[in-house]
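Q: Sequence:
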Amino acid sequence: MPRLKVVIFAIALLFTSACNLGEHAILPTETPTLAPTTTPIPTADATVNVPLSTPTITNTATTCATPVGWFAYTIQRGDILLNIAQQSGTTVDELVAMNCIANPNRVRAGDVIYV
Numbered sequence: 001m002p003r004l005k006v007v008i009f010a011i012a013l014l015f016t017s018a019c020n021l022g023e024h025a026i027l028p029t030e031t032p033t034l035a036p037t038t039t040p041i042p043t044a045d046a047t048v049n050v051p052l053s054t055p056t057i058t059n060t061a062t063t064c065a066t067p068v069g070w071f072a073y074t075i076q077r078g079d080i081l082l083n084i085a086q087q088s089g090t091t092v093d094e095l096v097a098m099n100c101i102a103n104p105n106r107v108r109a110g111d112v113i114y115v
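Under the numbering used here, the sequence shown has 26 at position 26, and the numbering climbs by one with no breaks.
In short, the hints are calculated from the structure, not lab data.
Treat the numbers as computed from the prediction; the structure is a model and nothing was measured.
There could be a bad hint or two in this list.
[Unchecked claim] Pair by pair, the computed Cβ-Cβ distance ranges are:
#1 Thr31 to Arg3: 17 to 27 Å
#2 Asn103 to Phe71: 21 to 31 Å
#3 Phe71 to Asn105: 16 to 26 Å
#4 Asn105 to Thr66: 44 to 54 Å
#5 Pro32 to Ile11: 35 to 45 Å
#6 Arg108 to Thr38: 55 to 65 Å
#7 Thr66 to Thr91: 42 to 52 Å
#8 Thr38 to Cys100: 13 to 23 Å
#9 Phe9 to Thr31: 11 to 21 Å
#10 Thr74 to Glu94: 51 to 61 Å
#11 Leu82 to Gly110: 14 to 24 Å
#12 Cys64 to Gln87: 48 to 58 Å
Every residue, glycine too, gets a C-beta built ideally from N, C-alpha and C.
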């Protein structure tokens, strides 16, 4: 009889340990492997065109001289080049060109232009 208890205890112990196996067991996992990659190797077939002579750079900057017959006008708050051009009998493009205005949208009150 005591031997039967030991056998039953051993079987019960095996069942309970087998039930917990899935819960705490560390199963081996597959290690992902990287697929081999290829890197393109440049070939010596490429050609580069190099100019044989250095291009001549000429200075085309214009100097702004006072236009003949025009007078200085100080831009007031609220002035726009279109209104100034219309009042002086010229165009916005001509005002911009004759005053060497790089950006017509950046004309500010206090700037002096010729009209």
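Q: Taking the beta carbons of Pro32 and Ile11, is their distance inside 35 to 45 Å?
A: Between Pro32 and Ile11, where Cβ atoms are some 41 Å apart, the hint holds.
Q: Please check whether Phe9 and Thr31 have a Cβ separation lying inside 11 to 21 Å.
A: Once the Cβ atoms are compared, 41 Å apart, the range 11 to 21 Å for Thr31 and Phe9 is violated.
Q: CB of Phe71 to CB of Asn105, is that within 16 to 26 Å?
A: holds (24 Å)
Q: Is 44 to 54 Å a correct range for the gap between the Cβ atoms of Asn105 and Thr66?
A: violated (24 Å)
Q: Could you tell me whether the CB distance from Arg108 to Thr38 stays inside 55 to 65 Å?
A: holds (60 Å)
Q: Quick one: are Cys64 and Gln87 within 48 to 58 Å, going by C-beta?
A: Roughly 21 Å apart at Cβ, these two residues miss the hinted range, so it is violated.
Q: Please test the hint of 21 to 31 Å on the beta carbon pair from Asn103 and Phe71.
A: holds (23 Å)
Q: Between Thr31 and Arg3, does the beta-carbon spacing fit 17 to 27 Å?
A: violated (48 Å)
Q: May I ask you to test the hint 42 to 52 Å on the CB atoms belonging to Thr66 and Thr91?
A: violated (19 Å)
Q: Could you say whether the range 14 to 24 Å given as a hint is met by the Cβ separation of Leu82 and Gly110?
A: Given a distance of about 19 Å, which is inside 14 to 24 Å, the answer is holds.
Q: Please check whether Thr74 and Glu94 have a Cβ separation lying inside 51 to 61 Å.
A: violated (19 Å)
Q: Could you see if the CB distance from Thr38 to Cys100 stays within 13 to 23 Å?
A: Given a distance of about 58 Å, which is not inside 13 to 23 Å, the answer is violated.
Violation of the numbered hints given earlier is confined to hints 1, 4, 7, 8, 9, 10, 12; the remaining hints are satisfied by the structure.
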